[in-house]
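Let chain L serve as the given structure and place chain F on it in line with the hints.
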Amino acid sequence: DAKTTQPPSMDCAEGRAANLPCNHSTISGNEYVYWYRQIHSQGPQYIIHGLKNNETNEMASLIITEDRKSSTLILPHATLRDTAVYYCIAAYSGNMRFGAGTRLTVKP
Amino acid sequence: SAVISQKPSRDICQRGTSLTIQCQVDSQVTMMFWYRQQPGQSLTLIATANQGSEATYESGFVIDKFPISRPNLTFSTLTVSNMSPEDSSIYLCSVDVLQGSSYEQYFGPGTRLTVT
Numbered sequence: 001d002a003k004t005t006q007p008p009s010m011d012c013a014e015g016r017a018a019n020l021p022c023n024h025s026t027i028s029g030n031e032y033v034y035w036y037r038q039i040h041s042q043g044p045q046y047i048i049h050g051l052k053n054n055e056t057n058e059m060a061s062l063i064i065t066e067d068r069k070s071s072t073l074i075l076p077h078a079t080l081r082d083t084a085v086y087y088c089i090a091a092y093s094g095n096m097r098f099g100a101g102t103r104l105t106v107k108p
Numbered sequence: 001s002a003v004i005s006q007k008p009s010r011d012i013c014q015r016g017t018s019l020t021i022q023c024q025v026d027s028q029v030t031m032m033f034w035y036r037q038q039p040g041q042s043l044t045l046i047a048t049a050n051q052g053s054e055a056t057y058e059s060g061f062v063i064d065k066f067p068i069s070r071p072n073l074t075f076s077t078l079t080v081s082n083m084s085p086e087d088s089s090i091y092l093c094s095v096d097v098l099q100g101s102s103y104e105q106y107f108g109p110g111t112r113l114t115v116t
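So the protein sequences, as listed, match chains L and F.
Under my numbering, the residue at position 108 of the first sequence is numbered 108, and the numbers go up by one with no gaps.
Under my numbering, the residue at position 73 of the second sequence is numbered 73, and the numbers go up by one with no gaps.
Here chain L stands alone, though its shape is the one from the complex:
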């Protein structure tokens, strides 16, 4: 799996968009960009993943740069319940290797 780099922490105001960046400059051609989050003491929750194209689902949007060396997870209207650690992982399948992630705190 390619190594990913994320800021250790970010704050976001409730109701605003949260934009979480991730660098994965060594990503290989068949590796997807996955995003998970972990709310305190719970198992990680799958959010979204993509290969080349931007993706959107009911939880978030994923913007991948054209060279695929970085991506941004967007939570369009952050709520207090979105406070969690967000992990960006570059992998083909399974055996996800987790880095330290970004601790997102949504503030009232």
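It is possible that part of the hints are untrue.
Claimed, not checked - Quick list of the computed label-pair ranges, beta carbon to beta carbon:
1) L:3 with F:40: 20 to 30 Å
2) F:28 with L:30: 21 to 31 Å
3) L:42 with F:50: 20 to 30 Å
4) L:15 with F:50: 40 to 50 Å
5) F:84 with L:5: 30 to 40 Å
Keep in mind that the hints were calculated from the coordinates and are not lab data.
Beta carbons are placed, not taken as given, at the ideal position from N, Cα and C, and that holds for glycine.
Same frame as chain L, now just chain F:
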């Protein structure tokens, strides 16, 4: 998606004893994974468990300490053997689910282990 349950949800054990953690999935899956999350840390992959073959362990983890069984496509167990306080962690199982042309990985709720 997949719904994963783990038993027990938490336990407090004495050093030197062993604990077996069960992971049950609501559908048949080829690949199951076991992770450890030490207090305040990220997740670390312990091993990959495929049905019908020996588990594949990551560097730093050995079968004698963390024996794994995978008797069928919906179930796996992880045993933490001869426990010490350093084994106090959350242990999580996960599965790969093929969605279209790519995989999504889903996690169980975890087993919180405290070794005294």
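Tested hints:
1. Taking the beta carbon of each, residue 3 (chain L) and residue 40 (chain F) are about 21 Å apart, inside 20 to 30 Å as hinted.
2. Between residue 28 (chain F) and residue 30 (chain L), the C-beta spacing of about 25 Å keeps the proposed range 21 to 31 Å intact.
3. Taking 20 to 30 Å as the suggested C-beta distance range, the pair residue 42 (chain L) and residue 50 (chain F) conforms, at roughly 26 Å.
4. Distance hint check: the CB atoms of residue 15 (chain L) and residue 50 (chain F) are about 45 Å apart, consistent with the given range 40 to 50 Å.
5. One distance hint, 30 to 40 Å for the beta-carbon pair residue 84 (chain F) and residue 5 (chain L), holds here, with the actual separation near 33 Å.
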